[in-house]
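Visitor: Residue numbers (the working numbering), protein chains in the order written: chain A, 115 to 446; chain B, 115 to 446.
Think of the hints as simulated: they come from the structure by calculation, not from any bench.
Be aware that one or more of the hints could be misleading.
Identical copies carry no separate label here, and so any pair may be met within one copy or between two of them.
[Stated by the list, open to error] Listed below are the simulated EDC-like cross-link pairs for lysine to aspartate or glutamate, each with C-alpha atoms no more than 16 Å apart in a straight line:
#1 K283 <-> E184
#2 K279 <-> E189
#3 K283 <-> D126
#4 K255 <-> E300
#5 K381 <-> E330
#6 K283 <-> E189
#7 K283 <-> E185
#8 K279 <-> D126
#9 K279 <-> E184
#10 K197 <-> D148
#11 K279 <-> E185
#12 K142 <-> E357
#13 K283 <-> E124
#14 K400 <-> E229
Protein chains: 2
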Amino acid sequence: MDQYFKSYEELDVHRLMLNDTSRTLAYKNAILNDADKFKDKIVIDVGAGTGAGAKTVYAVEASELAKMCEEVIIENNLGNVIKVIHSKIEDLDPNVIPKADIIVSEWMGFYLVHEGMLESLLFARDNFLCEGGILFPSVAKLYASPCQLSSMFQFWDSICGISMKCIGKHYRETKSMKPEIASINEDNILADSKLIAWLDLQSISLSEINTLGNEEYVSICNKEGILQGICIWFSVEFPDGSELSTGPLDKSTHWKQTIIVLPVDVKVEKDEPVAFNLELKKDNSKERKYNIKLILLDAAEVEHEIPCYCYMTKCIVTRKYLEEQSNNTIED
Amino acid sequence: MDQYFKSYEELDVHRLMLNDTSRTLAYKNAILNDADKFKDKIVIDVGAGTGAGAKTVYAVEASELAKMCEEVIIENNLGNVIKVIHSKIEDLDPNVIPKADIIVSEWMGFYLVHEGMLESLLFARDNFLCEGGILFPSVAKLYASPCQLSSMFQFWDSICGISMKCIGKHYRETKSMKPEIASINEDNILADSKLIAWLDLQSISLSEINTLGNEEYVSICNKEGILQGICIWFSVEFPDGSELSTGPLDKSTHWKQTIIVLPVDVKVEKDEPVAFNLELKKDNSKERKYNIKLILLDAAEVEHEIPCYCYMTKCIVTRKYLEEQSNNTIED
C-alpha cells in the first residue's frame with residue numbers, strides 16, 4: 115500500500131506542475147521560438163519534456179516517473195525522437211550517449227535552489243554538453259523584497275469575536291523558524307526588490323553556487339506598513355530572451371514565493387530604507403540543502419546606492435548634488 | 115526541531131479550522147440562540163470553544179493545544195468560567211467534575227467519521243452528561259450523491275498539446291484506492307442525494323456506529339454526464355434547529371467533500387437510475403478507522419422508491435398508476 119501512496123502523491127505533485135501553465139508554456143514557447151537551434155540536434159532533457167524538430171532527445175529521469183514518461187512518448191508517437199533514460203544524470207556513463215548540443219531542464223525549486231537540482235544541471239553541463247552547447251534556460255536570477263503578511267498574523271486578533279493573540283505569537287515564532295512558501299500579493303510588497311544572485315548557467319562553477327547573496331542590501335519602502343518578512347523569488351531566462359518569472363507581480367506559479375518571516379513586527383514609513391543581509395548557503399553536512407540566513411541591519415550603518423532615493427539626509431544631499439551637477443552639465 | 119515542526123503543522127491546521135467561519139459561526143450562533151439553555155449550567159466542551167452565560171465550562175483537550183487554550187481563556191478574561199482539562203475524555207475520572215447539563219463538541223471529521231472522534235463524544239455523553247442533558251450538535255446526517263470529476267481526469271487529455279492519457283489512467287487507479295478529499299461544485303453533481311445515515315446523537319449507541327449505510331440506494335440523474343464517483347458529505351443540527359451543512363451546494367468548509375472514485379467512467383443519461391451500496395464500517399483491527407465500500411448495482415435488480423422518477427418502464431407505470439389513483443381520489 116505504501117507504494118501506491120507514494121505514486122499517488124508523486125502524481126499529484128506532477129499534476130500540480132503540469133497545471134502550472136506559466137511554467138510549461140514558458141519552456142514550450144522558448145523552445146519553439148528557437149526551433150532552428152533544435153533542428154537536427156542532440157538534446158538532453160534533465161527531467162522530462164517535449165522536442166521541437168530535434169534529431170534525438172534523451173530524457174533523463176531518475177524517479178519512477180521514467181516509466182510514465184516512456185508511456186507518454188509512445189502515446190504521442192515520439193518514440194523515434196525521444197529516448198528515455200531511467201537514471202540519475204550523475205550515474206550515467208558519458209560514453210553511452212553522444213555529447214548534446216542543447217540541455218533543457220526544469221530544475222528550479224522553491225527559492226530557486228531548494229532540493230539542489232541546480233547541482234545536477236551543472237553536472238550535466240560539464241559532462242554531457244558539447245563545446246559551445248546551449249542551456250535552456252541559460253540565466254537564473256534571485257530577488258528579495260521586504261514585505262508584510264497581514265492575513266497571516268492579523269488573523270489571530272479576533273476570530274469570531276475571540277482574541278487569540280497569544281496563539282498568534284506562537285504561530286509567528288514557528289513561522290520564523292523555516293522558510294514559508296506562500297503567495298504574496300502586490301499590496302503586501304513594501305519596498306523595491308533587490309537582485310540577490312545572477313547566475314549565468316553557461317559558465318557558473320559548482321563552487322560559485324555554494325553561497326548566494328551574503329551582501330548588504332538597501333531597499334526603499336514605497337509606502338508605510340509593517341515589515342514582517344523578506345519575500346524571495348526567482349526568474350529564469352531562455353536564449354530567445356523570454357523569461358519565466360515567479361514574483362509577486364507575476365502570474366502565480368506552483369513555486370509561489372518564499373518568505374523569511376521576522377520574529378517581530380517592524381513599523382516602516384514611506385521612503386524609509388530597509389537594510390538587510392540575506393545569505394543562502396549550502397549545508398555541507400546535508401547534501402542539496404541550503405540554509406537561509408537573514409539579518410536586519412541598521413540602515414544608517416551600511417552603504418546606500420548612489421543615488422539613493424531614501425529619506426536619509428546623506429542620501430537627499432547626495433541626490434541634490436548629483437541633480438545640480440547633471441543640470442550644470444546640461445547647461446554647459 | 116521535530117517538536118517545532120509538529121506544533122507548526124498543528125497550528126496551521128488549527129488556523130484552517132478557525133478560518134472556516136461556516137463552522138465557527140454555526141456553533142457560536144446555535145449556542146447564542148439557545149443562551150437560556152446555557153444560563154448557569156455546567157458545560158463540557160470536548161475539544162475547545164466559547165461559553166454563553168454558562169456557570170462553568172470544562173474544556174477537555176487531549177493534545178498539546180490545551181496549553182494554548184488556557185492562554186486564550188486568560189487573554190479573553192474567561193478564567194472564572196472556563197476550566198481547561200488537559201486529558202483525553204476517556205482518561206478523565208467522572209468524579210472529578212460535576213455532571214454536565216450540556217456537552218458541546220466539534221467532533222466531525224472528513225466524511226463525518228474520519229478519525230472516529232464520534233466515539234469520544236458518545237463516551238462523554240454516557241459518562242459525563244446528566245439525565246436529560248443536551249448535546250450541541252444533537253443530530254448528524256451523512257449524504258451521498260453520484261458525481262463526475264471533470265477537471266481531475268480530463269486534465270490529462272491534453273497538457274499544452276501533449277496527450278498524457280496513459281498517466282491519467284495511473285492517476286485514476288491510485289485515486290480510486292482511497293477516499294479523495296476535494297471540493298465538488300454543483301455542476302459536477304449528477305443526481306439527487308441519498309441519506310446514508312441519520313444519527314440521533316442523544317440516543318445512538320456505540321454499536322450502532324460500527325456500520326453506517328450498507329443499504330441499496332437508487333439516485334436519479336438530473337442530467338447526462340460521466341459518472342466517476344460517489345460524493346459524500348455530512349450535516350449536523352443544533353437544538354435550535356440550525357444546521358451546519360458541508361455539501362457541494364453549501365458554502366465551502368475545511369471538510370470539503372469526500373469522493374469515492376470509480377476506477378472507470380460510466381456514461382449516464384438524464385433520468386437514469388444509479389444504484390449503489392455504500393457502507394462505512396469500523397475497522398476493528400485499527401481503532402478509529404473506517405473502511406468505505408462502494409458497490410455499483412444493476413438498477414434493474416434493486417428496489418426503487420415508490421414513486422420513482424427514473425426512466426425505467428416499471429417506475430413510469432407505477433407513477434402513472436399512482437397519479438391516476440390520486441386524480442380519482444380527488445374527483446371522488
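Visitor: Taking the hints in turn, state whether each one holds.
Guide: Hints, one by one, checked against the model:
1. K283 <-> E184: between (50 Å within a copy, 14 Å between copies)
2. K279 <-> E189: between (55 Å within a copy, 8 Å between copies)
3. K283 <-> D126: This pair counts as between: shortest inter-copy Cα distance 13 Å, intra-copy 33 Å.
4. K255 <-> E300: Neither way: K255 and E300 sit 19 Å apart in one copy and 43 Å across, limit 16 Å.
5. K381 <-> E330: Answer is neither; intra-copy 20 Å and inter-copy 63 Å both fail.
6. K283 <-> E189: between (53 Å within a copy, 12 Å between copies)
7. K283 <-> E185: Between. Shortest inter-copy distance 11 Å satisfies the 16 Å Cα cut-off; intra-copy 50 Å does not.
8. K279 <-> D126: between (35 Å within a copy, 15 Å between copies)
9. K279 <-> E184: between (53 Å within a copy, 12 Å between copies)
10. K197 <-> D148: This pair counts as neither: shortest intra-copy Cα distance 21 Å, inter-copy 69 Å.
11. K279 <-> E185: between (53 Å within a copy, 9 Å between copies)
12. K142 <-> E357: Answer is within: at 12 Å inside a copy they meet the 16 Å cutoff, but 50 Å across does not.
13. K283 <-> E124: Classified as between; 14 Å across copies, 34 Å inside a copy.
14. K400 <-> E229: within (11 Å within a copy, 36 Å between copies)
Of the numbered hints stated above, those contradicted by the structure are hints 4, 5 and 10, listed in ascending order.
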